[in-house]
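Undergrad: Read top to bottom, the protein sequences are chains A and B. Under this note's numbering, the residues of the first sequence are numbered 1 to 164, in order. Under this note's numbering, the residues of the second sequence are numbered 1 to 343, in order.
Hints are computed from structural coordinates only; laboratory data are not their basis. Keep in mind that a hint or two might mislead.
Listed below are several chain A residues computed to face chain B (Cβ distance under 7 Å; list not exhaustive) [said to hold, decoys possible]:
hint : residue
1    : Gly48
2    : Val57
3    : Ile58
4    : Ile64
5    : Thr69
6    : Val71
7    : Phe135
8    : Asp137
9    : Pro141
Pair ranges (Cβ atoms, derived) [what the hints assert, rightly or not]:
hint : chain 1 : residue 1 : chain 2 : residue 2 : range
10   : B       : Asp313    : A       : Val101    : 49 to 59 Å
11   : A       : Ser24     : B       : Ala339    : 33 to 43 Å
12   : A       : Ser131    : B       : Tyr312    : 46 to 56 Å
13   : A       : Val144    : B       : Leu299    : 25 to 35 Å
14   : B       : Val10     : A       : Leu18     : 54 to 64 Å
15   : B       : Asn270    : A       : Ser131    : 26 to 36 Å
16   : A       : Ile149    : B       : Tyr312    : 27 to 37 Å
17   : B       : Lys321    : A       : Phe142    : 46 to 56 Å
Keep in mind that this is a model prediction, so the values were computed, not measured. Quick reminder that beta carbons are idealized off the backbone N, C-alpha and C, glycines included.
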Amino acid sequence: MYLLLFFIFGGLCAAGALNLLLQSHPINSALSLIVVMSSLAVLYLLLGAEFLAAAQVIVYSGAIMVLFTFVIMLLNAGKEERTHGSKAAYIVGVPGVAVLVCLLSFIFLSQKSHLSNARLGDYLVTTSDLSAVLFRDLLLPFEVTSVLILVAILGAVALARRGN
Amino acid sequence: MVLSIVKVLVVTVILLMSVAYTVLLERKLVGRIQNRWGPSRVGPFGIWQPMADGIKLFLKEDLLPTGVNRPLYILAPIIALTCALMSISVVPFGVSTKVKGVDLFQIADVNIGLMILLGITGIGVYGIALAGWASNNKYSLLGALRASAQLISYELALGLSLIGVVLRTGSVRLRDIVDLQATHGLLSWNVLGGFQFVAFFIYLMAAYAETNRSPFDLPEAESELTAGYHTEYSAMKFAMFFMAEYANMITVGCVATLLFFGGWTSPFGNLLPPIANSFLAAIVPLFWFVIKVFCFLFLYIWVRGTLPRFRYDQLMGFGWKFLLPLAIANIVVTSLWLAFKGS
């Protein structure tokens, strides 16, 4: 059952990602990205990370992608023209992707014993487990990350205000 | 399994019927507020008016304007209605009553109920945004742009206003949140005993904006935008947006009841003697829940009949410069209070 759901939503995720690249209209690409984000949320849920799944839907599918579609609608962006792409992408891109895939599969296969904690469906990370890790064990990295995000927000505000 | 499916069907049918009759309630009440009678021709007190409207909308010709982006134009009302109906699935209506292992008064009891509600609300925006964009009409597009901007802005205040309640409970499961408020009736409700009235005020304002209701109904402001995002929609597709709006109203009323007004618990607490009959013990909480949700719907309609529409800059200023800081202040004060109490 869990495996079936994994294949359905994993397939949906991959199909969405492909569609994102192949569509020529930006709004269709944005919608495909929403499908990818939402099916990722289901995959998180299958791995027992319920809070992360909900946060994924609220933050990525809900907020960030609304901003994407908002901008596309506001600019009324038309269809993109088909080009053959840059040469650099062909020369570096394809081997780069191949290397990345090899590297990832090597890591996953060699670290199998450490990664086997993650299983489909049969256990649940509750919100309190997650908060214990975030606010007790990893408090310093968490706070440093939030300061980093604050700096980014301030930077964005400063850039937006430079006009006047 | 069969019992679960029956339960889902029953809840959906009741929700759709309540949607139909909320429309009638609104027309009647707004009529009385404006010193007229409202629908009074179909049946006694116009009681069959929703049925007549439903049949009319169902039989009308479904127009498809030529310039539209056809797949998205058709998809948009489906997204809007699906999201509006989906959110009822995590709402508990009464005390957990198991019959053959199936909880009668809740479709799905999930640990992250509150977050699922927020997530579904977030997805529901696409219905409106895509409707406006796919219609290929300037009024629709402006309505959709207003709706997306408004929903993003007020979702922040909405989410932050709920954190005070979650901090008090220590859980985002809706049943836990209600159980905490069940001890002393009125006095232990979050809005009074929990001192979350500021949070409730923020939630109420944000909820009006999230459901595109007056005084924040700028996405469909008739005087400026014809009908806003659903200008080009007719017949059943229009009805789907209409139903989505009222279903969202009911969900928001349910959530406000659960989070701030003690859900299905009675306001008198231990003053009333405990109910011995097991059938009544299951039904009476349901009665309190419905009464509370009804009061919210009444308030919604009353506000619509009373207040004029905001100006757009006022709406944005109110959301970002007043509600958001207030919500953050509420979180800080609630956390300090809880830390001080040492719980």
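Undergrad: Tell me, in ascending order, the numbers of any earlier hints that this structure violates.
TA: Violated hints: 1, 4, 6, 7, 8, 9, 11, 12, 13, 14 and 17; rest satisfied.
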